[in-house]
Amino acid sequence: MIEFRVAIRDALAEEIERDPAVVFFGEDVAAAGGVFKATPGLHERFGDERVFDTPISELALAGAAYGAAVTGLRPVIEIMFGDFMALPMDSLVNQAAKFWYISNEQGTVPLVVRSAVGGGGRFGAIHSQMHGTWFQGIPGLKIAAPSTPAEAKGLLKGAIRDDNPVLFLEHKRLYSVKGPEPEEEVIPLGRARVAREGDDLTIVAISKGVPDALAAADELAADGVEAEVIDLRTLRPLDVETVLASVAKTNRLLAVEEGPRTGGWAAGVLGAVAEQALHDLDDAWIVATDETPIPYSPTLEDAFMPTPGAIVAGVRERLGSPAA
Amino acid sequence: MSDIGAGPSVEAARSAMPPEGPPERRWFDAYGRMLLIRHFENEMQRLFLKGEVHGTTHLAAGQEAVPVGVCMALEAGDYLAGTYRGHGHALAKGTDPAALAAEMLGRANGVCGGRAGSMNVIDLEHGLVGCYGIVGGSLAAATGAALSAKRQGRVAVALFGDGATNQAYFHECLNFAAVHELPAVFVCENNFYGEFTPMQKVTAGRDIVARATAYGIESALVDGNDLWAVEDAAREAVGRARHENAPTLLECQTYRHYGHSKSDPATYRPKEEVERWLARDPLTLARERLLALGAPEADVEAVERSARETMDRAVEDALAGPYPDPATDRATEFSA
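Going down the list, the sequences are from chains A and B.
Using the numbering used here, the letters of the first sequence map in sequence onto residues 2 to 325.
Using the numbering used here, the letters of the second sequence map in sequence onto residues 4 to 339.
In short, the hints are calculated from the structure, not lab data.
We put the CB at the ideal spot given by N, CA and C, even for glycine.
Which chain B residues stay away from chain A? Per the calculated CB distances, all over 12 Å, these:
#	residue
1	Arg28
2	Trp30
3	Thr59
4	Ala207
5	Thr270
6	Arg272
7	Asp284
8	Glu291
9	Pro299
10	Ala301
11	Arg316
12	Leu322
13	Pro329
Reference listing, derived: stretches of chain A covered by chain B, where coverage requires no fewer than 3 residues with Cβ under 8 Å from a Cβ of chain B:
#	stretch
14	72 to 85
15	139 to 152
Using the sequences and the hints, build the whole thing.
Right, dumping it as structure tokens:
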């Protein structure tokens, strides 16, 4: 068994060891080992040139990563909380994401931006957001969000070896989760995964939504409803094929999103399936959050999150009484 | 705060010239490169009015001495990040004028295949990591390039305007480069106007150059219309970067002859101010300097003829190129 945060650290260590071009920097990532203790020991092991602390300067951090990536390095940076991604958008959206295309493919931009994301930690409205959807409409940018320790290691290694800029979202409520060691050393970005097989309903999720959907699926099984759970792994590129194959079997599609329905990725998944396989669909809907900022108070935040209970309740309401 | 146009005088610049000896070949080449930039900008203005250059353009006529002087101090492998007023930045770094002109025209033979356009030119082969359409972007790009450059024994230079010195990018990157001891040179092309607004109205404190003190880095105030002064300051700064991993801020005072962009007649600038600066045209100053140093007039004229011919050929080649064909364009979102 391996802890999620250790999987992150191992992936970084192995890639820094493997490729001299890989460097890792951010706020409090070196001496302090990261605010979520994901990266202790890396600085001691690899030294100042490969792993270093930076000023609290998100624009300079992301800009430096972009400039370094187009001149020979493969930087991995940490923008501590996903919410902070509002600051460095210019370098990532206007420069890094567009470089390959507008340069007429003169060069690549191999950089990774790691961030802690998600609600449930009582961090309030501005330390709990999932920024993936802010960036989902930007061609040239990949967005990955692992759901288990094994996925975290394989996807992070895949992100570091990818020649394109990648946003890597690590859910705060997953850091302490333990799970099986990875089977696949490097997971290439853009392939979804069937996390649980079932014939009655397809539940699509990503990041912490996957273990939540799996817990819900176990509960639904007691009702006699067998849910298939798809772990998207990446929001861009979006592996619609894997979802289509599942829906062809189940004819029912539920997308569970930690974030507002408006402008979210779940609506994009439903749209893609409707466009390409309307004939396979008997039903399709979304369980998402309210259209408000994320609340602080435990009672409010718990009610806000798309928990396993909320997923089960949503499915029961939609399908009618328990089949059993 | 400097008064606009009260920068170092021509006389002061002349008094700083070396006492004797004919100029080396590289000064002729630099003068030729400045002329090429001037011709390029005038041609782009002409082609814009003919509808051949699309969207908008930001011309750098009048500011040629800064990028040319800076690039004289660089080696071929060094990195440069420029601005949306970047045609001169690219040409100074070595971008082929025909390929640059074709890019302006949106042609397939453009340096970026017509995908980038006037504000976003990238030419990695010549170390131009990019030109940045958002004010201050070049500082961040050069700071990152300096991370690579530090390993590679190279130097990274950012060119940016006075407007950029009020962006967070300026302050974050100077601090970042200083604390991480990066081989970077930050070159402000202070043309005294951020788009239509005079710099004094929106810039607190004293001169831009004084801001270096806050970050504990070396700096210099430079007559940006004097090629020799720019080269001299740049050589020192580049040496400090390459050998000591210490960044430098240079404030090069200069002036644009055209307005901010194609649609701007620049009526907000006082006539006397414009005349004062036109009298200090960097091309005229460079020509006078070459002759004063003993360059034969015939050699200077040969450089001038050659620059004109190069530009004429570049426009001809650019216009001969096809537009990219959407039917055969094989663009991919990601590199494999």
